[in-house]
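Participant: Take a look at the letters that make up each chain.
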Amino acid sequence: MSSRINVIKVFPGRPFQFRIRLGSTLFKAIVKIKGIEYRKGEGFVITSYDAIPKVNALIERFNVMLIPYIPCVICGKDVHCETCEYSINCRKDLEACICKTCLNQSDAWRKYSEIQKTNLDIK
Amino acid sequence: MDEVIGNEDAKKKFIEWVKRWKKKEVEELGILLVGPPGIGKTSWVHAFANTFGYNVIETNASDYRSQKALEERLGHISRSVSLDSFFMGMHKKEPLIFLDEVDGLDPKADKGAIETVIKIAKSSGVLTVLAANIVDPKRYKELLKNFYVIEFKPLSPRQIELLLRKIVYLENLDIKDEKLREIVLKCKGDARAAINMLQSVAIGISIEAVGTTLENLPFEVFMKRLFEAKTYDEVVSLIQSNITHLEDLIQILWDLVSRSGMDIKYIADFLKELSDIDILWSRINRERKWGLLRYLFNLLPSYIYRLKRYVTYEEKFPEYRFYLFVKNRKVREQRDEIYNLIPRYFHVSKRKFITEILPYSYKLLIGDMWRDFREWCDRMFG
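Protein chains in written order, with our numbering: chain A, 1 to 123; chain B, 1001 to 1382.
The reader is advised that the hints may include incorrect statements.
Computed, partial: chain A to chain B, Cβ under 10 Å [unchecked claim]:
1) N89
2) C97
3) C102
4) S106
Read the hints as simulated data drawn from the structure, not as lab findings. In this text the structure is predicted, and so the values were computed from the model without any measurement. Where is the CB? At the ideal position from N, CA and C, for every residue including glycine.
Use the sequences and the hints to build the structure in full.
Facilitator: Take a look at the structure:
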């Protein structure tokens, strides 16, 4: 039997499906967790990233894992929270962060400033 | 403006709102920025004003912000140009009223301030921005109704690391990445705290000392650390981070000096200096002149640093002070009864007894004098 884990990237505030049959007991247990809610016809929505480890503990036996998706301010790619050195100390309910690759570049700040100028429409 | 890190969405909302406000497409009177300290609310407003050509007229917790004071300061803004701004060429810029630390408005001293701000924002047509750490929905109902609320969140650890790396590069500091990471972990999303920590580390204070001093310590721990501090800077940062203990600190210093057993000349000198510090602290509190704190932050640490050469801290409250703070009702009643009687025995007022006699005669009081006092009580009251 394969033990491959199915990773579900979760966007804050956006509905997602577990793609497994949860069953009523597990469904009720997940809905009771603070920071996750179920919207009829849409699916589950993560409102607080604190809920993710709790949900992961419940769905572990199905080889499914929730991982938050946070875009990098500079390159726009996923920052990969799961590998971040600050993962334990971070609140994770961020709109954006900075990925490791961009952070380690020598001109990271200059790039950040330029992106800011474009985003905020400053001439 | 592009150099204020973090809260990208909030900043975008801010600019979009201002654009709509200029076109008179919004109902709100101004913007209310809400978020914990040290995440760039004030810096953002100043950066925004610089970029878009606004002249910031700011009031913060260190100013009087009563109805009258605000009307005097801000009421004329829409109608005239001050001489200062005229000569500095600022009259060409549009004004921006910025009321920082709105949640710090004193209900008594700053009475009517919120109503005045709303009135000025309504009548002047000037861009008005307020900032607060926490907004109580009940107390600030009117503000929430009239102002567009934008939430600023603490920065992510990597955003703070980027900021610190930039400072390290610009200031040409020799600080390793591991130390930067330690600072990032300790500052908990507060960029101001991170910069302060970086500054302390750059001048040689160990990161452990910096980390511990930044917290609001319990009074006894604060006193212990203060007297154990090895450097002057450590004493400074301890005092700066524990302002709530200053009242008690001055009291304890007075106790320490007056009961130190030093030469009377030294005691007189130390008490004189302490009285100056006490007067300054009272003035800061009474007149709410927080700008004077910078003098206190120089005077008090140097005082303690010198005092440490002559006096050791016993790591406990002087016993008589302990009895002043007793919380048990029964003991408190007994204490009050005795405090009402003993001053009569000494022919002085209760206040004078507590401040001038008790500290020096406490040990006598619980010894022989206590027996004499009880005999006197028997004679007087039976």
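Participant: Is the interface hint satisfied for A:N89? The criterion is a beta-carbon contact with chain B at less than 10 Å.
Facilitator: Hint on A:N89: holds, closest Cβ of chain B at ~5 Å, below 10 Å.
Participant: Tell me if the interface restraint on A:C102 is satisfied: Cβ within less than 10 Å of some Cβ in chain B.
Facilitator: Since chain B brings a Cβ to about 9 Å from A:C102, closer than 10 Å, the hint holds.
Participant: Regarding the hint that A:C97 lies at the interface with chain B, is the smallest CB-CB distance below 10 Å?
Facilitator: holds, 5 Å
Participant: Close enough to count: is the Cβ of A:S106 nearer than 10 Å to one in chain B?
Facilitator: holds, 8 Å
When the structure is compared with the earlier hints, no violation turns up for any of them.
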